[in-house]
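*Asks:* Please put together the full structure from these sequences, using the hints given.
First residue of the sequence shown? That's 1 in the UniProt record's numbering, and the numbers climb one at a time after it.
Treat the hints as calculated values from the structure; they're not laboratory data.
The reader is advised that the hints may include incorrect statements.
[As the list claims (entries may be wrong)] Derived lysine-lysine pairs resembling DSSO-like cross-links, with alpha carbons at most 27 Å apart:
hint, residue 1, residue 2
1, K9, K789
2, K406, K396
3, K741, K404
4, K648, K901
5, K741, K789
6, K692, K741
7, K129, K199
8, K440, K396
9, K355, K404
10, K365, K429
11, K355, K295
12, K498, K429
13, K901, K810
14, K290, K313
[Claimed, not checked] Simulated restraints, written as ranges between beta carbons of each label pair:
hint, residue 1, residue 2, range
15, N23, P45, 18 to 24 Å
16, G21, E306, 39 to 45 Å
17, E886, K741, 31 to 37 Å
18, A914, Q689, 53 to 59 Å
19, Q378, T473, 33 to 39 Å
20, E886, G374, 41 to 47 Å
Note that CB positions come from ideal geometry on N, CA and C, so glycine has one too.
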Amino acid sequence: MKSEVSVGKGCGWIRVSQEPGSNGTLVYLNRATTVNDVARDLLLPHGHTIWLQYGGDEPRPLRASEKPLQLQDDFLERIGYTDQSRRARLGIDPDLRYLISFNTGPRWTGRSGEVWLLKGLVLPQWKKKIITLSAGLMIIQSLEGGDWGKEAVLVEAVGTGDGPRGGRSVLKVTSQGHRSLYLGFDLPWQQRLWHSWLKQESGRREGDLSSKGLEAVPRGLGRLNSLDLSANRITSWDALEDLEGLQSITLASNHLTAVPQQLWSLQETLVTLDLSHNSLREIPRVDMPKLEELKLDGNLLESLPEGNFKALKLLSATDNRIASLPPFLVRQPMRALTLLDANEGEERVKPEDLKSINLRANLLKGNIILGNYGNLTQLDVSENSIECLDLTALDKLQSVQCSKNKLQDLSLNGTSLTSLIAGNNCLTKLSIYPKPTKLKHLDISYNRLETLPDWLGSCQHLRTLFASHNLLTSLPDHLFCSELSCLQTLQLSFNSLKSLPQVIRHIPLQQLFLQSNMLKELPEHFFLATARLRILNLSKNQLGELPTAIGDGHQLERLYLTCNQLTDIHILTKFTNLRVLHVAYNLITQLPNLCVGSWPDMEELVLSGNRIDRLPGNIAQWQHLRVLRLHCNILLACPSLAPSTSLKVLDLSHNNLDKVDLMSLVPKQLQFLDLSGNTRLQVDPRQFQDYKSMRKVSLVDVSGQNRDSLPAGPNDPKPDQEPSNSPWVLGFSETPGNREKLCISQLRLTNFCNTEALLGLFDSGNNTELPQILAQSIPRILLEERTVKETANEYMKYTLLAAHRELKEKGQRVGVCAMVCHICSERGPGIRKRTLRIATVGEAKAVLYRGDSTLTLAHVPTQVTRSQIGNSAMFPLVVPDPHVTELTLKDCDEMIIMANKRLWEVVSPEDAVAEVRSISDPVLSAKRLQDLAQSYGCEDNLSVMVVRLGGQSHQDQLLRELNYTIQFCESAGQESFRHPVIGCQMVRREAHCDGIHATENTCWCQGDRSSPSGQSDQASCGRTSSRENYGHYFTDKEIMERHSYPSVLMRENGTRKMCSKLAHQDAHLADCDESLSDRAFGSTRSFQSGLTKFGSQSSRRSLHAGPNAAYFGSLQRLLPYTADYDFSIIKERSEVDSLETEDRMSKYWDVATTEL
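*Replies:* Here is the structure:
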């Protein structure tokens, strides 16, 4: 008789498949329907049952009493489907089988089968049984399957018996206690197969019954030494009482809410007890005198058990809710001990034997004084809330881990101490007595230390010292002396160091990290004394010059000098082993002439944000060069790099390049080419097509329109080139780092549904396909989810959950950290509201800069579960449940920074905002953050997006650009001007007070650019002044009062933009005496106003690249607004460049990153 299922609340669908991967049969049932009911309704063959599989993980047979619909419902709710109607609807979705599936199959697997067993003593009979072999055990089960795991035999020996019985080939199995069992087989080959299996299983003393789907502990296990019953669902524990002499038992992951009472029958013999990863809330008082190892990790315990544990050597109870130590661990007040007292103590607990305690990730707080345990060697109390920790009584203590607490005072005994990890606390002092002369590793990072401990000079065995992110202003002299003869790694970054001690002897340091300090100079003989250095990081300091490198034999391989004030790096030619050199954002004007020969092993050279105007002609001779970054310089030309056999990344964006021959520039193995931001760049379309026919080329449209073809010509207007009024501006940058592939994909739709922005970042870590699938499918999924009535208010959450399902079998073993940002505007009568919604799964992070504060919008990871899209086979350890943040954007919101976890590991949200707040162009902001992260040592994939918020009126935008124009105009009579990208003074080689007379090497750089690996559909100049990036900007009021120059503007990609690059010879400035008026700023399209003349200088310089200056994504359009504008200086086309339309030379603005 089939089970009855009522229609209504509490009912739903599951799919049951006979073969994994098939759509299977839909079964309608309620939450009370059991596996037996489903098997009976489906008429499953005898000995078959329902198997449950999460993702691509190993399936397990369900118990007869388990309820499939309840299991499916609980699973969906756990991964984030909190709406019951959505869970019910998913039951009929065929793609749900990639996340959770129900399959039919035999109850046994592996070394299992139907075997005849001779039963009975008076009247023996052959009965067919299901027998399974596992770890020395022979588990016997009836064909009906209801008694699975209740009877087991420990195999001692196996023989062929006394010949055939009942026409069957027989095997005699001897179990513990010399009990004999006879197995019968219909065919001789079956007997031989089982004989070989039983021989391998015989004589074992370690029983492994983990993940067998057991409901009860089997009978007949005999005298096992150890038994592993983890990852089952055992409810019957009676057989534990028969396990005499058992020394080790593992009951982890059995969903225990209480310790089985039968376990205490083993308390006199157990040496190891593992109860980890259950749901235990308490453990009763018990005496286990022989217990040496007790593991209680991952439970709900609020206190540790009391009792007799005099032999205990290892105690591990991580990830619980323990708020205080048990009495037997806490140091008691000193008192007089009589002989009787001492004997009583010896009887109850023997503290001398306890050697290791692990209480990581609990709720320990307040002051803890640990004593009485003189032989304790290892202690881990990390990730608690301890404020004071006193371990001075533990003189045998070797390793202490107490990071991520709230420690203000830490006192240790240094007699035996070899390792101390105390980072991420609030320490202002560190007391260790006696001096830790055996100390090898010390980590005191992320504290509030103003000085390093005085006893460091006595640590002759110290190998590594981590003291970053403190308040250090100076270092002790002994830190750079030969007394610390073993010190190899010194991490002192992110402090306030203003100087280093004088170095008078050779020191053994191999790695020195001093980034983000306030160093203005290095000691005179620094390089002489640190000849063994292999890695030196001095980024983000104030170094103006480097000391002389005397002598040979320098071993320096990796040198980071980004964000300093260096003007000359010729001294670096002494370091002939250099492989990685980062000197971005300095004041360097040229590379050393001998650099190619001096650095034969160079692999990565980053010179971005300097003032370099030319490169050595033989740079292609570097045989190992993989990465060359030179963006934001003033390069006029680039030597041929086609002969290079190793170059993979070439970034020449934001320079003054005017002509590029792709055949001679691009090596055949190049993967990323960035030529954007070169406003004078000329590329012959025929040459580009010829090159494209030779190899696969993928162009990234930086206009935000995501087109996949170049414009037909510079005067090819199209409807989609209308100006954008979007109130946000996007820039991005990404790099594979030292990895072979970029395993991150970005979603960039700044004009989503015409008035919205949809952005995303998907990082898989080691897979390139899954991020691309998500980036392509998220827009469609989001539009679909917004139409689902039941969960329309949670569409961001269900978008990522649907994406999790979209990955199907590809997402079963691989996970992705995902972040999706949706910005939409709501307009109406008297309503102007912009809403930001960010959904994150995993470790990607977004930061919103609001006023003077930084808001972090990210998923908060837990210690128990990990958040990822995909990786469904790891359930329940990995779940995709998204974290969603929704807020209304305010006028004071300036920017959003989105990046993968690798950037946030080395750059804090506050530092990231401080670095780019004053940079108006989000593309340059993204590039700077990428460069900074790499200069801090990040070698992995990096992906950054910066969104500038806040729309401006047309007049405000024009006034800001006019400020920029006047900045250049006023500097015309000076001997120098400010570099628009890095903010440094550019010294002219020839200048006149009465006007502008540019020489061959004079270069005017524009301050607002788009990106290669970035896109900016609404670029603009900086709003504020910055000592690092921009010069002084006049306010709009000051300009109106002091000047009457009309603006010099050009529209680029629907955005007004300054064109400050000047031609070399025939450029000139037009007279203009008109004052500013509304009429001068009336056009919302591109126009060219009269240009300004300074003094009596008659030479003119054009401030634009002409009407044929275009870039991939949008053409420059020069449209007159009124007849009053003087267009005499605009030449639509010179005779030299006048060709047929199909042969026209196109000058590209912001040609995107080219992936080759």
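*Asks:* Compare the structure with each hint and give your call.
*Replies:* Evaluated hints:
1. Straight-line distance between C-alpha atoms of K9 and K789 comes to about 19 Å, which keeps the hinted pair within the 27 Å bound.
2. The suggested pairing of K406 with K396 holds, with an alpha-carbon distance near 25 Å, which does not exceed 27 Å.
3. For the hint linking K741 to K404, the alpha-carbon distance of about 34 Å lies beyond 27 Å, and the restraint is violated.
4. Annotation: proposed proximity of K648 to K901 holds, straight-line Cα distance about 24 Å (limit 27 Å).
5. A threshold of 27 Å between alpha carbons decides the hint, and for K741 with K789 the separation of about 41 Å lies outside it, so the pair is violated.
6. Pair hint K692 plus K741 holds up; C-alpha atoms about 22 Å apart against a cutoff of 27 Å.
7. For a cut-off of 27 Å, the pair hint linking K129 to K199 stands: about 20 Å separates their Cα positions.
8. For the suggested pair K440 and K396, the alpha carbons sit about 15 Å apart, so the restraint of at most 27 Å is met.
9. Distance hint between K355 and K404 is fulfilled; the C-alpha atoms sit about 23 Å from each other, no more than 27 Å.
10. A threshold of 27 Å between alpha carbons decides the hint, and for K365 with K429 the separation of about 19 Å falls inside it, so the pair holds.
11. Of the supplied pair hints, the one linking K355 and K295 holds, its CA atoms being roughly 14 Å apart against a limit of 27 Å.
12. For the proposed pair K498 and K429, the alpha carbon gap of about 21 Å is at most 27 Å, so the pair holds.
13. In summary, the hint linking K901 to K810 is supported, as the alpha carbons are separated by about 23 Å, within the 27 Å threshold.
14. Our distance criterion of 27 Å between C-alpha atoms is met by K290 and K313, whose separation comes to about 10 Å.
15. Checking the proposed 18 to 24 Å range against N23 and P45 shows it holds: the Cβ atoms sit about 21 Å from each other.
16. The beta-carbon spacing between G21 and E306, approximately 53 Å, falls outside the hinted interval of 39 to 45 Å.
17. At about 34 Å, the CB distance of E886 to K741 agrees with the hint of 31 to 37 Å.
18. The hint said 53 to 59 Å for the Cβ distance between A914 and Q689, and at roughly 45 Å that hint is violated.
19. The given range of 33 to 39 Å is respected by Q378 and T473, whose C-beta atoms sit roughly 35 Å from each other.
20. Distance hint check for E886 and G374: the Cβ-Cβ separation is about 56 Å, which falls outside the suggested range of 41 to 47 Å.
The structure fails hints 3, 5, 16, 18, 20 (numbered hints given earlier, in ascending order).
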